[in-house]
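Novice: On the provided structure of chain A, position chain B as indicated by the hints.
As given, the protein sequences belong to chains A and B, one line each in that order.
Counting in the working numbering, the first sequence runs from 70 upward without gaps.
Counting in the working numbering, the second sequence runs from 37 upward without gaps.
If you're looking for bench data, these hints aren't it; they were derived computationally from the structure.
Some hints could be false.
Take a look, some chain B residues computed to stay more than 12 Å from chain A by CB distance [what the hints assert, rightly or not]:
1. Leu58
2. Lys191
3. Asn198
4. Phe319
5. Met359
6. Thr419
7. Ala423
List of simulated lysine-lysine pairs, DSS-like, C-alpha gap at most 27 Å [stated by the list, open to error]:
8. Lys233(B) to Lys265(A)
9. Lys191(B) to Lys274(B)
10. Lys233(A) to Lys246(A)
11. Lys165(B) to Lys121(A)
12. Lys213(A) to Lys71(A)
13. Lys165(B) to Lys257(A)
14. Lys91(B) to Lys263(A)
15. Lys213(A) to Lys91(B)
16. Lys85(A) to Lys307(B)
17. Lys87(A) to Lys314(B)
18. Lys85(A) to Lys314(B)
19. Lys191(B) to Lys233(B)
Cβ-to-Cβ under 7 Å is the rule here; a few derived chain B residues that face chain A [as the list claims (entries may be wrong)]:
20. Ala39
21. Leu52
22. Glu54
23. Val59
24. Thr62
25. Phe66
26. Glu68
27. Ser70
28. Ala93
29. Leu95
30. Gly96
31. Ala100
32. Ala109
33. Gly110
Ideal placement from N, C-alpha and C gives every residue a C-beta, glycine not left out.
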Amino acid sequence: MKLVVCINHVPDTETKVKIGPDGKSIDRTGVNFILNPYDEFAIEECLRLREKNGGEVVAVSLGGDSHKETLRKALAMGVDKAVLLKDEAPRDSFSVAQALADFIRGVSPDLIFLGKQSVDSDDAAVGMMVAEMLGLPSVSVAVKMEVDGKTITAEREIEGGHEKVECSIPAVITAQKGLNEPRYPSLKGIMAAKSKPIEEVQPTPAQPKVDVVAMKKPPAKSAGKIVGADVSAVPELVRLLREEAKVI
Amino acid sequence: MPAFQGVDYFNADELLSEEERLVRNTVREFVEDSVLPVIEKHNRAGTFPRDIVQKMAELGVFGATLPTTYGCAGLNNVSYGLMMQELERGDSSIRSFASVQSALVMFPIYTFGSEEQKDKWLPLLASGKAIGSFGLTEPDYGSNPGGMITRAVRKDGGFVLNGAKMWITNGTIADVSVVWAKLDGVVHGFLVEKGTKGFSAPEMKGKHSLRASVTSELVFEDCWIPEENIFPNGKGLKAPLMCLSQARYGIAWGALGAAMGCYDVALNYAKSRIQFDKPIASFQLVQEKLVYMLTEITKGQLLCIQLGRLKDQHKVKFTHISMAKRNNVYHALEIARIARDILGANGILDEYPIMRHMANLESVKTYEGTHDIHTLIIGEDITGIAAYA
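This is chain A alone, in the form it adopts within the complex (with noise of 0.2 Å):
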């Protein structure tokens, strides 16, 4: 079985952004970069396939040379092959998915992960783009999976419930969170990702559709109020909710 994930270098979730001087990216002095959360469980779900069927896992990420630390966290999980499409312009959606899909296309997989969303900007979009690109079917959002043949078998999280979904191969899955539980890279394993290459390829220069114009942070959240401490409060919060805060 041939698999592709495709993963991303991110600002660790527990930093605090700060916008750069050009006002439209943020500013990446001192931010700590990781790889994307929900790509673990998209690695994890393709060394599990691959443990059950055999084949060959390759992870692809596309950015400059510092996403080679991702990378190579993937090849100390146990990916076979790690490819970095090698370019630093700035993308949208679509032009990420334009240069994944052109990579994808010249490996032919039998299933391609992503995680559901870059916790970066966070457009949950690029799975769904590869898939439309490549003319394949797309499971988004999975939580459960099997591969029975030609088939998948999948569960997706939808608002309030799970829905179960049909599809076959090959496919793209963007994975969520309780797919599985992603492994540790072990040590040995991060050993031997010190000697396994990186190949770098030159992907599709980037053509994108949307812009950033500006970045700003949300206002900052003004003080709050106590009205009182007891139950006789009570009738002065909720004029305040009804006529000031409008919530209720």
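Specialist: Chain B alone, transformed into the frame defined by chain A:
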């Protein structure tokens, strides 16, 4: 409280390679997921979290610097140190377990053992299927191990051991113990397997420190062991002292982890605890305490990275290791005490890790060469005069 992001005031991360950082981050994540959620419960109950052994083995913690042919990870010494740092941010008991298994059991078997001993024990110890302990210290011989009373005499194609060891981490739960005893007046290492007749390992109770670790006595009463269980190499006191150097190296890093844990908690507490209508972090006396903590952690960190580099280049002297162990444990203990001070009364609760680290570090300051003995080791090195002889 925000998740622990490490302490790195001097961009020391730039001194680390990609895989060294990945080792550290992986063990950090492991500690967050598998040690911190359970450690207070075990510390309270005085029990060792036994299920962590298998998890640490799967990660590749045991004997991590030894070659992959024995199922080990083949890490360099800096990665090994970073691993110890993260484990001890969890708890000194967990780091102690890993230290003993790796530096005091697997290292001597690898260094002094026969091919048969290596082939038999190293894969079992690496995979956590076997647990090891190390018996050198005796009730009456601590800082002066050369005076040990435990004796071996030849008998029936093997050896008979008599004597007792004390303060032995993992003793009661060990499948194999590396025991040092005098044979014809010379110190030798012996492998004593669990269940050997005449060997018992009662657990020592009532500790106020390292409560999540098993500490034992090892008692040998006409305990016969076969010829193949003696180390063919490594005769004399130098052999166990080489093991201690390995372990102390890990302790120097481990102490940093405990200190980082305390600093991180104290800093966050100081920023959120309001007294006199402002966070206590706005007071000069509190700031001074935090600055002391961070400065000492930073110094210790740089000391350890260079120590690890020297060790990787085979240029390290045992006195270098003594200095790092002595310095880092001393300051880690001070940092724990000051952190308790910053947390006020809250500092004594096990809702926070401070008192646990502090109590643990009291042991760490004493074991593997006391603070004072390390002073004298370095003192002898620079003056040429031994002050303890």
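Novice: Looking at the structure, which of the earlier hints fail to hold?
Specialist: Structure breaks hints 1, 8, 21, 26, 27, 28.
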